[in-house]
Amino acid sequence: MHEDEPVEVTYRGVYVAGPEGFTCMVLDWPGTGRVLPVWIDTAQAVALSSLTEGTGPRRPGSHEIIESLLAGFGGSDPSIHISSCWQGVFNAEIHTGLADPDAEYAMIDARASDGVLLALTARYPIYVNRSVLVTQSVYLGEAPVESLFDGSLDTTSTPERFPDREVVSASGDAEADADFEQLMQSLGVSEADLLGSTEAADTAIGTPDGGETGGDSRIREDSGRSKGNDELSMENDNDVTGGGDVNDGNDDD
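In terms of numbering that gives the first Met the number 0, the sequence shown opens at residue 0 and continues consecutively.
It is worth saying that the hints were derived from the structure and are not from the lab.
Take the hints with a grain of salt, since some may be wrong.
Unchecked claim - Derived Cβ-Cβ restraints for the label pairs, each shown as a range: (1) Pro143 x Phe72: 23 to 31 Å; (2) Gly73 x Gly140: 38 to 46 Å; (3) Gly71 x Glu19: 21 to 29 Å; (4) Asp76 x Glu145: 15 to 23 Å; (5) Thr134 x Phe72: 34 to 42 Å; (6) Tyr10 x Ala142: 24 to 32 Å; (7) Ser146 x Leu68: 38 to 46 Å.
Even glycine gets a Cβ: it sits at the ideal position worked out from N, Cα and C.
Input sequences plus hints: build the corresponding full structure.
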């Protein structure tokens, strides 16, 4: 098999790790017992979870607009490809499926999380190059994904979702604030938009401390692992619920 052969994967969900509430998108490599974790920013995590839970904005967002544009311009079987992981950052492309495969718009550069969000919105297939899966995936076996993290992202609560974050109330009335937040979400405006938060790159589990996410990676593969023996270790105070090691014992990619 060629190392750049695209492999179709499935979306498993968004999960939270560590007391800081860092968010991770998880893709499943079917038939292998392995998953691909991609660290993403909170705004993207909330958007993905809201979409799968059916609580997204009522009006079309940018991903729905892209879907409509591709359909309107005759895009045939668009797809999302995560093609590489360079210095801990995943690189993805939107394969538009437009008529001329050599045109500059045949592939559009995108963050992995944006590509997956578009794929879930428009029901496009998601592919990851085999080389990326081999080097960046971790073995899970029969264990639930939750065993690697603290749990899935809850988009139905407000301050409790990130207990370590200072909550700023404009009115002093929590119920009124919640109603206002729901109103803004119905208009397609998120808290991140209002606060002017910056976008972060989607990073791999081995991203060095102080990388483009602005913080340490929460899950790392042991640097001395041998082929067929994946170990997950947590850093200091950021232990993963369910234990520190996940071993397949005899995993041959």
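Now for the hints, and whether the structure bears them out:
1. Pro143 x Phe72: 23 to 31 Å: Violated, since proline 143 and phenylalanine 72 (Cβ atoms, about 41 Å apart) do not stay within the stated range.
2. Gly73 x Gly140: 38 to 46 Å: holds (43 Å)
3. Gly71 x Glu19: 21 to 29 Å: violated (42 Å)
4. Asp76 x Glu145: 15 to 23 Å: violated (34 Å)
5. Thr134 x Phe72: 34 to 42 Å: holds (35 Å)
6. Tyr10 x Ala142: 24 to 32 Å: 18 Å Cβ-Cβ, so the 24 to 32 Å window is violated.
7. Ser146 x Leu68: 38 to 46 Å: Roughly 40 Å apart at Cβ, these two residues keep to the hinted range, so it holds.
The structure is inconsistent with the numbered hints 1, 3, 4 and 6, although it conforms to all the rest.
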